[in-house]
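Engineer: So you can see what is in the structure, the chains are spelled out below.
Number of protein chains: 2
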Amino acid sequence: MTFDEIQTYAETLAKKARVASAKIRTLSADVRNHALQQVAKALRASEAEILQANSLDIENNKATLSAAKLDRLTLNHDRILAMAKGVEEIASFPDPLNRVLESRKLENGVAISRVSVPLGCVFFIYESRPNVTIDGAALCFKSGNAVVLRGGKESIHSSKILAKIFRSAIASCGVDADAVQLVEETDHAVVTALLKQRDYLDLVIPRGGENLIRAVVEQSSIPVIKHFNGICHVYVDKSADIAMATKIVENAKTQRCGTCNTMETLLLDKNLSDESIEKILAPLRQKNVEMFGDKETALRISGIQDIGDASNYHHEYLALKCSVKIVDGVQAACEHIEKYSSRHTEAIVANDPQAQTYFLNNVDSSSVMVNASTRLADGGVYGLGAEVGISTDKIHARGPMGVESLCTYKWILLGDGQIRT
Amino acid sequence: MTFDEIQTYAETLAKKARVASAKIRTLSADVRNHALQQVAKALRASEAEILQANSLDIENNKATLSAAKLDRLTLNHDRILAMAKGVEEIASFPDPLNRVLESRKLENGVAISRVSVPLGCVFFIYESRPNVTIDGAALCFKSGNAVVLRGGKESIHSSKILAKIFRSAIASCGVDADAVQLVEETDHAVVTALLKQRDYLDLVIPRGGENLIRAVVEQSSIPVIKHFNGICHVYVDKSADIAMATKIVENAKTQRCGTCNTMETLLLDKNLSDESIEKILAPLRQKNVEMFGDKETALRISGIQDIGDASNYHHEYLALKCSVKIVDGVQAACEHIEKYSSRHTEAIVANDPQAQTYFLNNVDSSSVMVNASTRLADGGVYGLGAEVGISTDKIHARGPMGVESLCTYKWILLGDGQIRT
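Residue numbers (the working numbering), protein chains in the order written: chain F, 770 to 1190; chain Y, 770 to 1190.
The hints are simulated quantities; they were obtained by calculation from the structure and are not laboratory data. Take these hints with a grain of salt, some might be off.
To be verified - What the simulated footprint calls covered on chain Y by chain F, stretch by stretch (three residues with Cβ under 8 Å from a Cβ of chain F suffice, anywhere in the stretch; the number is not a length): (1) 785-799; (2) 824-837; (3) 884-890; (4) 1159-1165.
Note that the Cβ used here is the ideal one computed from N, Cα and C, for glycine as well.
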């Protein structure tokens, strides 16, 4: 496509989304949920077709992708079933729309209320897990939003068939199929052009690696909700129950170390005894977790590798590795966190109520925990229903996001002739 | 300043704001409100000094500014008093921080809550009304945010003295003066450099004309909350009480026609009688409101000037002028609004409940009103306390914004050793 063709293509997608948005934002919850159930049925019924398209993607990419990436790209019977069940689950959750967020009578007699409504049009950008095509479409549709989906080019055939199934299923319920559109042109310039469609698109949600997300933020003139990374800390205070601290540290680092809510830095109160510190570290040592720390820490604890520059305390390992630092009490722990945290999730293990309160008040992160594992920072665990993602932004939504984060609100005023005087 | 000096200057301001933010976000409401009262006292006590600085600004700009702009730049005894009273009022409002927005017990026994906290650092950009220096500083300080203020270059001497008074007053209460910083360098390149300080600044609020705001949105890599303009509609349905419609239309257009919530387009149901239409228009005709419409409208109603291209229905007059259009019922009214509205505020005048409901459900604007004047769209009228501004965005805050819009939240989890399984 030429530059002009790309601009036209992007603008056409965005305009169609806007038109569909005006139609779907007034659909009842019953209609939206019924359409989602039809999508789930269609997914189950189209297994052969989906697997065929997916095998094309695997064929085209098996020479270049790593085993892990190829695995993420691969669909099979169980994964297609899981997609269908995911859509049914989203259909079963409470309606995020038309909730009365507040209401009161003004002095002039006007009845005012604030009611949740869809954002409008969402641009969803993701990498090569084909299931995100269905997940993103279902979350946006549930919340009454039109969506433009753009998956990685490696999964284009799988995404195309999945989007086609979604569109046919909702169309069979009388819903405008353009509520869900896939960017079928893989040229990255289409993404750049879409990120400028501020008049039609209301929100961009990029899911994937930090580089993808940073590129989107740089280019977009539409608001972006994202999370860059998770440099999560666990601080063990001298007042901690050591058995509890041991269990929490082990869980926060090793339960699933490739996630954004995993512990990347362990802060240890210098007033802990050597024996307590060894108890806390024992499971990490047993699981061969590599530990890095500054000189003071390495002097105190054996087997700590030199972290080199202190700025390496910014590092997100996403592996069986972590930073460790000896700190002088809760205040020093909070100062370290203020400097190095990505403001995702931090936990304190302590029995001293003063230390707990100081930590809760001073740490400015999306989730702050007392005596619990950072791994709990999750929309499912928090009871938010379907998870849209995790935001390390402070605007609009912070931390784990449910479908409410795909909503805005409008003010409704019911009067009987009131004017401004 | 050289390019490098400007980058350094901007980064230094932003870093200082971040450091101050970490100190002030934990101040109690009492400390914040007491400091604001000291600011008000200091303003009253510094009248001579303020007027002297202001006279310098007037002297420097009287040759180039219009009478209206010169008036906005001018301070006097009453206006200084009004600033002081404004700060006292902000001090008296309820604390927007530490509100428990939701709380519950998770299945695993963790007590979870969502609590309001400051955003962090706000970059406030405005034109040459010196009082906005105080207003912006007070709103941010009330909500526990550090602020970087950048006013128009015409008011630089006034802004400098006002910022100095604010900083001294809070410093006298033991608060870090860098909670409030003024950009003293008037080179616009400093604004551009500040709009890139994403690691330190959390939100940009531009106040002023549409061009200023569009330039900020183009350049900023920090989230921006803004309102571009207000193309507000009043639709009079055939079921309307004509006396009520007349009063609302007059108020919406003429009560203060330079504001963003003024009616710019009047939509008239074609099923209204000619007599009713003339009653509705009578006060507008009497006040010499110029009216523009398409051919169909001009054929039906006398004295309507040709609007030319239909796209002129996008026009924001901010004057004793408005667009008029004959439409075929509430559905056509909603279609026109979908196409031409800036999604600020729209009103229907109708007694038919079906028409009311259709309008409320289908219009996607920040405020939607039944039988009330669009001029009511205002933070003060809505009971939001101090008004930060009006947002025509859908993200974070929509419509009139109180100081809560300068807050985010954090999730607090209290456990007794819970881990992820």
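Engineer: The structure should be examined with respect to each hint, and the outcome stated for every one.
Structural biologist: Checked hints:
1. 785-799: holds (count 3)
2. 824-837: With 0 residues closer than 8 Å to chain F, the region 824-837 of chain Y misses the three-residue bar; violated.
3. 884-890: holds (count 3)
4. 1159-1165: holds (count 4)
The earlier numbered hint that this structure contradicts is number 2, and it is the only one.
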